[in-house]
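Colleague: In order, the protein sequence lines correspond to chains A and B. Using the working numbering, you'd call the opening residue of the first sequence number 308 and step up by one each time. Using the working numbering, you'd call the opening residue of the second sequence number 308 and step up by one each time.
Keep in mind that a hint or two might mislead.
Since the list gives no way to pick out one identical chain from another, each pair is judged satisfied if it fits inside one copy or across any two copies.
Unchecked claim - In silico DSS-like pairs for lysine-lysine, Cα to Cα no more than 30 Å straight-line:
hint	residue 1	residue 2
1	Lys417	Lys456
2	Lys623	Lys417
3	Lys310	Lys366
4	Lys391	Lys631
5	Lys456	Lys502
6	Lys456	Lys391
7	Lys328	Lys569
8	Lys631	Lys328
9	Lys548	Lys569
10	Lys623	Lys310
11	Lys548	Lys473
Just so you know, the hints here were simulated from the structure itself, not pulled from any lab data.
2 protein chains.
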Amino acid sequence: MIKIGILGYGNLGKGVECAVKEADDMELTAVFTRRDPDALTIQTPGVPVVNTAEAADWKDKIDVMILCGGSATDLPQQTPEYAKYFNVIDSFDTHAKIPQHFAAVDAAAKESGHTAIISVGWDPGMFSLSRVYANAILPDGKDYTFWGKGVSQGHSDAIRRIKGVKNAKQYTIPVESALEAVRSGANPELTTRDKHERECFVVLEEGADAAYVENEIKTMPNYFSDYNTTVHFISEEELEKNHSEMAHGGFVIRSGKTGMNKEHNHIIEYSLKLDSNPEFTTSVLVAYARAAKRLADEGVTGCKTVLDIAPAYLCKQSGEELRKQLL
Amino acid sequence: MIKIGILGYGNLGKGVECAVKEADDMELTAVFTRRDPDALTIQTPGVPVVNTAEAADWKDKIDVMILCGGSATDLPQQTPEYAKYFNVIDSFDTHAKIPQHFAAVDAAAKESGHTAIISVGWDPGMFSLSRVYANAILPDGKDYTFWGKGVSQGHSDAIRRIKGVKNAKQYTIPVESALEAVRSGANPELTTRDKHERECFVVLEEGADAAYVENEIKTMPNYFSDYNTTVHFISEEELEKNHSEMAHGGFVIRSGKTGMNKEHNHIIEYSLKLDSNPEFTTSVLVAYARAAKRLADEGVTGCKTVLDIAPAYLCKQSGEELRKQLL
Numbered sequence: 308m309i310k311i312g313i314l315g316y317g318n319l320g321k322g323v324e325c326a327v328k329e330a331d332d333m334e335l336t337a338v339f340t341r342r343d344p345d346a347l348t349i350q351t352p353g354v355p356v357v358n359t360a361e362a363a364d365w366k367d368k369i370d371v372m373i374l375c376g377g378s379a380t381d382l383p384q385q386t387p388e389y390a391k392y393f394n395v396i397d398s399f400d401t402h403a404k405i406p407q408h409f410a411a412v413d414a415a416a417k418e419s420g421h422t423a424i425i426s427v428g429w430d431p432g433m434f435s436l437s438r439v440y441a442n443a444i445l446p447d448g449k450d451y452t453f454w455g456k457g458v459s460q461g462h463s464d465a466i467r468r469i470k471g472v473k474n475a476k477q478y479t480i481p482v483e484s485a486l487e488a489v490r491s492g493a494n495p496e497l498t499t500r501d502k503h504e505r506e507c508f509v510v511l512e513e514g515a516d517a518a519y520v521e522n523e524i525k526t527m528p529n530y531f532s533d534y535n536t537t538v539h540f541i542s543e544e545e546l547e548k549n550h551s552e553m554a555h556g557g558f559v560i561r562s563g564k565t566g567m568n569k570e571h572n573h574i575i576e577y578s579l580k581l582d583s584n585p586e587f588t589t590s591v592l593v594a595y596a597r598a599a600k601r602l603a604d605e606g607v608t609g610c611k612t613v614l615d616i617a618p619a620y621l622c623k624q625s626g627e628e629l630r631k632q633l634l
Numbered sequence: 308m309i310k311i312g313i314l315g316y317g318n319l320g321k322g323v324e325c326a327v328k329e330a331d332d333m334e335l336t337a338v339f340t341r342r343d344p345d346a347l348t349i350q351t352p353g354v355p356v357v358n359t360a361e362a363a364d365w366k367d368k369i370d371v372m373i374l375c376g377g378s379a380t381d382l383p384q385q386t387p388e389y390a391k392y393f394n395v396i397d398s399f400d401t402h403a404k405i406p407q408h409f410a411a412v413d414a415a416a417k418e419s420g421h422t423a424i425i426s427v428g429w430d431p432g433m434f435s436l437s438r439v440y441a442n443a444i445l446p447d448g449k450d451y452t453f454w455g456k457g458v459s460q461g462h463s464d465a466i467r468r469i470k471g472v473k474n475a476k477q478y479t480i481p482v483e484s485a486l487e488a489v490r491s492g493a494n495p496e497l498t499t500r501d502k503h504e505r506e507c508f509v510v511l512e513e514g515a516d517a518a519y520v521e522n523e524i525k526t527m528p529n530y531f532s533d534y535n536t537t538v539h540f541i542s543e544e545e546l547e548k549n550h551s552e553m554a555h556g557g558f559v560i561r562s563g564k565t566g567m568n569k570e571h572n573h574i575i576e577y578s579l580k581l582d583s584n585p586e587f588t589t590s591v592l593v594a595y596a597r598a599a600k601r602l603a604d605e606g607v608t609g610c611k612t613v614l615d616i617a618p619a620y621l622c623k624q625s626g627e628e629l630r631k632q633l634l
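Model the full structure from these sequences, guided by the hints.
Modeller: Structure (structure tokens):
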């Protein structure tokens, strides 16, 4: 049995808990929290909840520590820190900062002799894999990534920072006609506005100026001004009732040409339709935790990403079984 | 530059030639043929055409030999044979016989100290990867593979063996309503008949009995009797004009559940829409030839499949570039 530790018990931590329960070659050893452990009730009976201050005491009892913090401030500090004591895996998703996060985690994991895997999830993660495979196969082509329909946390937060806004949810929605143009093999040049639209559900504070809020949203640079944006004002009850789900998804498409005269076109499409963004992300994390254990058993140290790991390492089946059943 | 040899110059051999031309880290060193080399004109100027009898003389001049024969009789003999002299890669696609082909190639490659990769293409190949990743991520789920629309060589051959048939092409077509049911997350139980239909274009010999031929097709066990099958009788000219293309494609879908009470459903879909089946297959082969060279350089010997190879090995970019650009 692979012994799993969870560090951080928010949406991701709870998702890992569900996915580990489903994996019959794994067991949840402990949940680590920065909060008071006595105040935290988890869903798996009999599993200890431990304060992070005592985490290092568990270093010989856990095969892989799954770090479930956020990418903004938690993981840049936590992943290198816990790589001193554990094989670690995280879902760091700030694309632009991956090189520096990789370097920090790699140094810590090499120093301590552990295996680390970063940026595991669906983007980065499964979408990255799709891009890499498709680029390797069709070097003469063009990549398209579409996200949604799903709530973007960053954009929802940006709306909530506007004066007069009590609460908000923002959906990123891929534009269907753009998807169709890409699938046709036409290799269209698409602007930001062509690819996605943004739909916002906003709860105003009492007496707030709706016209002001709508204008602040639609003209916000980077977040909204380059998109067709729709704003709906609704009640807190309606937001709670209709916009609490964590569905998400998206599409990675590569369109490329082959042939002596580039006469043949090919479309490779990978898509996800997810009822729960955090539970899917953590299902990917748990599969790669299995890989982390195998790599550690082989004596591999330092930082890896999904691009460095052979697919068979994610599976509990043997190579022989995989060749027979799934190849 | 990675030095590539092509063995067999049919549709696959020609496809490899195109894909190698596109790869700026590779060069085509020689084409090997069982035919008279003087009678064979290839598309790349200055590349020698050599009889297979002399192939062993080239063992130090070629990094990876790409075997472009058929799975029925060529590859079971050729891949183990040429693994004695070269790092080899093939597109062996008889799923049921992969374990025995793997064993034969593995023994030969280990004995001679070479790297071999078998069953590279899209199914087996990219579709296998999709199945393995999706199974690892969503252990509680169901797999669906649909093929088409595209010509099935095996089914076309089966029709051509019927008395009175001069020529034939058979299209495998996924049933749209079945695809939609799978994408809805309903996890339907689908029979063979539910998933695919078969459309046949048949040229009769002069004086042949159309009713007899149609009945022979529709009642043929394994090939047609379990499917809704349509038969069209057309002229040789029409077959040549409208049914010579080599388009193909298909869909791999996994639908699976997560959550403490399995309350969330997820759909992972991978699809291909290919203008040229052989050119796409060979584009995959050439990407894995790059991996074969790297594995050989690392001293890895024996037989591998796409499941054993980390995605980064297919790319000419460094790990650093991949993390920055595609992760």
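Colleague: All hints are to be evaluated individually against the structure, with a verdict given for each.
Modeller: Hints versus structure:
When the C-alpha separation of lysine 417 and lysine 456 is checked against a cutoff of 30 Å, the pair qualifies neither within a copy, at 40 Å, nor between copies, at 50 Å. Taking the shortest alpha-carbon separations for lysine 623 and lysine 417, both the intra-copy value of 26 Å and the inter-copy value of 25 Å come in at or below 30 Å. Taking CA atoms no more than 30 Å apart as the test, lysine 310 paired with lysine 366 passes inside one copy only; the shortest distance there is 11 Å, against 48 Å between copies. Proximity of lysine 391 and lysine 631 under a CA criterion of 30 Å is satisfied inter-copy only: 25 Å between copies versus 39 Å inside one chain copy.
In this assembly of identical chains, the alpha carbons of lysine 456 and lysine 502 lie at most 30 Å apart whether taken from the same copy (12 Å) or from different copies (28 Å). For a Cα distance limit of 30 Å, the shortest separation of lysine 456 from lysine 391 qualifies neither inside one copy, at 39 Å, nor across copies, at 53 Å. For the homomeric pair lysine 328 and lysine 569, the shortest alpha-carbon distance between copies (11 Å) is at most 30 Å, but the shortest distance inside one copy (49 Å) is not. Proximity of lysine 631 and lysine 328 under a CA criterion of 30 Å is satisfied intra-copy only: 27 Å inside one chain copy versus 34 Å between copies.
Taking identical chains as interchangeable, the C-alpha atoms of lysine 548 and lysine 569 lie at most 30 Å apart only when they sit on different chains, with a minimum of 21 Å there against 52 Å within one chain. For the identical chains of this complex, lysine 623 and lysine 310 are intra-copy neighbours only, at 14 Å inside a copy versus 36 Å across copies, given an alpha-carbon limit of 30 Å. Proximity of lysine 548 to lysine 473 under the C-alpha cut-off of 30 Å is restricted to the intra-copy arrangement: shortest distance 16 Å within a copy versus 65 Å between copies.
The structure is inconsistent with the numbered hints 1 and 6, although it conforms to all the rest.
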